[in-house]
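4 protein chains.
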Amino acid sequence: MTAKIAILGASGYTGAELVRYIATHPDMEIAALSGNSKAGMEMAQVFPHLRHLDLPRLTTIEEIDFAGIDLAFCALPHATSQAVIAELPRDLKVVDLSADFRLRDPAAYEKWYGKPHAALELQKEAVYGLTEFYRDDIRAARLVAGTGCNAATGQYALRPLIEAGVIDLDRIVIDLKAAVSGAGRSLKENLLHAELSEGAHGYAVGGIHRHLGEFDQEFSAIAGREVRVQFTPHLIPANRGILATVYVEGEAAAVHAALAERYAEEEFLVVLPEGEHPSVRHVRGSNYCHLGVVADRIPGRAIVIAALDNLAKGSSGQAIQNANLMLGLEEGTGLRLAPLFP
Amino acid sequence: MTAKIAILGASGYTGAELVRYIATHPDMEIAALSGNSKAGMEMAQVFPHLRHLDLPRLTTIEEIDFAGIDLAFCALPHATSQAVIAELPRDLKVVDLSADFRLRDPAAYEKWYGKPHAALELQKEAVYGLTEFYRDDIRAARLVAGTGCNAATGQYALRPLIEAGVIDLDRIVIDLKAAVSGAGRSLKENLLHAELSEGAHGYAVGGIHRHLGEFDQEFSAIAGREVRVQFTPHLIPANRGILATVYVEGEAAAVHAALAERYAEEEFLVVLPEGEHPSVRHVRGSNYCHLGVVADRIPGRAIVIAALDNLAKGSSGQAIQNANLMLGLEEGTGLRLAPLFP
Amino acid sequence: MTAKIAILGASGYTGAELVRYIATHPDMEIAALSGNSKAGMEMAQVFPHLRHLDLPRLTTIEEIDFAGIDLAFCALPHATSQAVIAELPRDLKVVDLSADFRLRDPAAYEKWYGKPHAALELQKEAVYGLTEFYRDDIRAARLVAGTGCNAATGQYALRPLIEAGVIDLDRIVIDLKAAVSGAGRSLKENLLHAELSEGAHGYAVGGIHRHLGEFDQEFSAIAGREVRVQFTPHLIPANRGILATVYVEGEAAAVHAALAERYAEEEFLVVLPEGEHPSVRHVRGSNYCHLGVVADRIPGRAIVIAALDNLAKGSSGQAIQNANLMLGLEEGTGLRLAPLFP
Amino acid sequence: MTAKIAILGASGYTGAELVRYIATHPDMEIAALSGNSKAGMEMAQVFPHLRHLDLPRLTTIEEIDFAGIDLAFCALPHATSQAVIAELPRDLKVVDLSADFRLRDPAAYEKWYGKPHAALELQKEAVYGLTEFYRDDIRAARLVAGTGCNAATGQYALRPLIEAGVIDLDRIVIDLKAAVSGAGRSLKENLLHAELSEGAHGYAVGGIHRHLGEFDQEFSAIAGREVRVQFTPHLIPANRGILATVYVEGEAAAVHAALAERYAEEEFLVVLPEGEHPSVRHVRGSNYCHLGVVADRIPGRAIVIAALDNLAKGSSGQAIQNANLMLGLEEGTGLRLAPLFP
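Chains as they are written, first to last, in the working numbering: chain U, 1 to 342; chain Z, 1 to 342; chain W, 1 to 342; chain S, 1 to 342.
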């Protein structure tokens, strides 16, 4: 049986990436696409690269008949998402790609997002969408909150180390290099080609990036104590990809072992042999995350490097993976497209 | 039944692209990979983006047992290819991605490639691999010669116009913009990032590019008279994609009609509405070719713009499409991956 | 004596480029900078790369006391420029970088810019700013109209050929590849890094680009008859540079001779030996224009390729060159910075 | 009096960058250029962007008559440099851009460069070329050793902090993002446009990069004890620029004050207001280094970010600055070119 899918907010990059994956997914079919500011348009006008597909026209959310929909992906802006989902049928499965349901603590939400949460009941119900760590909950969930793309990358590098107790929890530095599509299709000066090309710069420097809310929540929960990491993202002149260089205090061999053991059965999390490290160009366009561990010359310190595609494994690929679970499908269905290189 | 595939010359970009497509092709399985200078290595070492796949180790060609192979893709350098194919079993189906069997006239081969052809019997047997125009011959062929990537782009724009007699055959200018992967993984100064990034320049200017041999052969055959086009390729700072801007003398409406009619049933050749024109970013990583026609302000002149991915539709995607036909499979099997954007 | 300079519209790319040149110009000093939407800000906030310079704060135009100003560069948007310049003191020397005063015929202006000109008296006074062809007029001018950057490139390639009568005037095709800074610092979707990087596409295809107004005006004036060229610009993923590939019917030797002779004494117009052709990466950041001529394989046809930096020789460099003449300075003063490569 | 300059190894990127600066330097004149593998060629053939300059032809080093030369820049490969300089006249002023004379301790040299130093007497004589910290020694020196480009960036961020005693010397992490021109014009697969564009990856991960030898030497000397930092460089898809993100334990205010005070009189070292941080795009093509300090959310931790152009301030610009001192010229002569943006 083919699941009928709606994508709310299909006119952004994560929406288009969902369509790309579903286009060759054997068990999903796109039944509705919304894009309020572009309602009435064909997807081919908004995203000519999808021109070859037979897709429904973009509508408003209100125009969608959710009776025939099995699952909705919600790729709307932060804050909008919670208002929209609150109005959806209560039995509709939803994978939300916004930040609205990632933080379980309403106070944390308000701290990082600057206003009170408007759908607290939904927030209680939502399951955090880091598939490999919340798999059973996701399978049973009605509402799954996709993680931040940076937050996913950092967690893949660090969760097994915290679980295994092989690193100093007070000395974690995540230096992250992010490609520009993570900022979405928004018209901002620093996202212009003329500004970014041949450039590179930090942003949200000093521990103010919102994905820190996710790190704090998750790492503290694992450790059973408060954990606060340093996290500095940088924008680099590339379209897709996140490379997180994580500095930890711990033995490289133990760090590597913790990752390798934890991910031994994880199809999409690939741990390289100790001493090797990944490149974003080798995961681009795919749902794979590559992880490497290298010992520093200073004894007792190690460097973990994780690479994934922010739009795929970091966002829409993760969303499909979660949807597969929620729909009772084999988890990796439709997600095994190889990276595009060069 | 799954076809067993060998890829000879798997350590180059077209080889890797074949692997990418076959990785999710339901009816093909990679049984052997050769890469002489890298024999003994794992593909994951040569192409880490393919690390998640369970692939045979690279060997020499001599080490391959062709008894169990249904079809070989030959992605070897020009001139090497003819020597290697001459030694393969005579009943092995072969799709050659080199230039060796594209030109039917031995004199034309010698003129454009600078030495006599060393496998004239094979050349006689080879079918020119522009799928949409040689489909029946390809279905019956043992040896198919993949076209040049630039040659494919130009022909998609022009063949229907010549067939339909709607343009002046003596006034055709093809100005082509090519991304750098078309030059392969070769270590040349002008292919360095520091040289090409923020650059753009013509190459083989003046009608000396070898793909002109294909244009001359094909266009003259269609027209029933000698046709000589102007063709100037340019290298642009991008990895994938060819954009051909073709200047013709003829009515835009007739030009558009000729393309639209000829390609009405062609899944991978997408003709845009008259007045629209394509971008390479909308076909990247896919087997689709987008074509557009715009009338010039000068009456009686039209501009045809064609965009495709040189490694996909221009080379390895085309090769898979041809192999599907040769193996009795549905032509588009495995080739419907959507473009990667952004 | 150091000339006091005002730059109106200093918060755009051409404004910043003027500042870059004047920063090391021995005979110019920046006395006032306007940027209406950013009035009150320091240039270092708008353009941090100019942070090391001691510059006046951005003001509104109204706040500038033009009494002490020798020359104003007007880098304002089209249409705004004519309104502003009409209000400036009548004896102030002005170099306008907008399109407002490029077309001598009011009807042509209205045709290409879509509304009547609002300062016809000024338009009559304005001198077209293609330095090497209007040098004496510019020296005596009060108001000089900077040319379009594409228009400059095409004219450098073609004017000497039309003057010398060595090409067919009815068969001229200009295929132009332009970097993105020519579009200014405007927030448009197609200028985003995620959209343009790895992309390339035509724009204003079909003979509708406004710089055609300049080609028509200038080429017709030289030829003494109406000349209409084909002109198709393309956007490529680079920040600076224009590469114009011009297809002409004429003997390459005669074409090359016409360029070489005409530019023999022109410091900034460099004609390469016949058979060589230029790259934009070799003129980036400089006031130099490189030109090459190659014979096509079809007898009687030639390809002229011209490369320049759209922000420098195509705009702000040209403006400085003209200002030098207007101020009685040596023409190339401050303009001999070498290109930045890589 | 104009100083006569020789550039040995002028066919690489640092050689070309020296020529770019000297082209508009009022007190230097290029008298000789060597490039052994390209001896006999014009610079315009090797670097067409320098075509407008009247330069001597490339020769072998042996062909140069050093009698008339005031100062030689030696831009030769590591190890070659020491052999060549040993053969130069003993009274010739030399600025070496290689790594050969950076490490004062022969054992350190052997450790990091893998073989014994072959010119120990010269090494004793050499002055380390970090201008702002060795100014007086450089003024008096005959032989100055240019610093590593990464080493310069890290030192600009850290030296004043170590001097001022405001950070924990055992907890320093330098995460560095480097553009590709730092690798020179060498033909390596990972420097190809098709490999690097849309990529980003670490290199020399784990504390094995040779510039650590410089950090160890300099920081230990300042601190009066052994200091070992963590240093992980990354290659990003850009041509020019180094962005170093330095994680330190110390109060941000004290860290900022230490930098601001130390560099208050340094023209080329620009400290941003506390809380701001730089981008490589704002120093490209210039001799300026921008530095910023931001407090982390974790009390007692700060992030210092430094940006410079590896070919300019990181190498050839630094070399010119040192040469100015050695020749008795004003230190910043010829180096005040503004950055190229966009």
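Hints are computed from structural coordinates only; laboratory data are not their basis.
It is possible that some hints are incorrect.
[Said to hold, decoys possible] Derived coverage of chain S by chain W (criterion: at least 3 residues anywhere in the stretch with Cβ under 8 Å from a Cβ of chain W; other residues may be distant):
1) 20–32
2) 283–291
[What the hints assert, rightly or not] Using 30 Å as the maximum straight-line C-alpha spacing, the simulated DSBU-like pairs for lysine-lysine come out as follows:
3) U:K188 - W:K38
4) S:K93 - S:K111
5) S:K124 - S:K93
6) W:K124 - W:K4
7) Z:K38 - S:K4
8) W:K188 - W:K115
9) S:K188 - Z:K188
10) U:K93 - U:K38
11) S:K93 - S:K188
12) U:K188 - W:K188
13) S:K115 - S:K188
14) U:K93 - U:K124
15) W:K188 - U:K38
16) U:K124 - U:K4
17) W:K115 - W:K38
18) S:K4 - S:K124
19) Z:K188 - S:K93
20) W:K111 - W:K124
C-beta atoms are modelled at their ideal positions from N, C-alpha and C, and glycine is treated no differently.
Which numbered hints does this structure break?
7, 11 and 19
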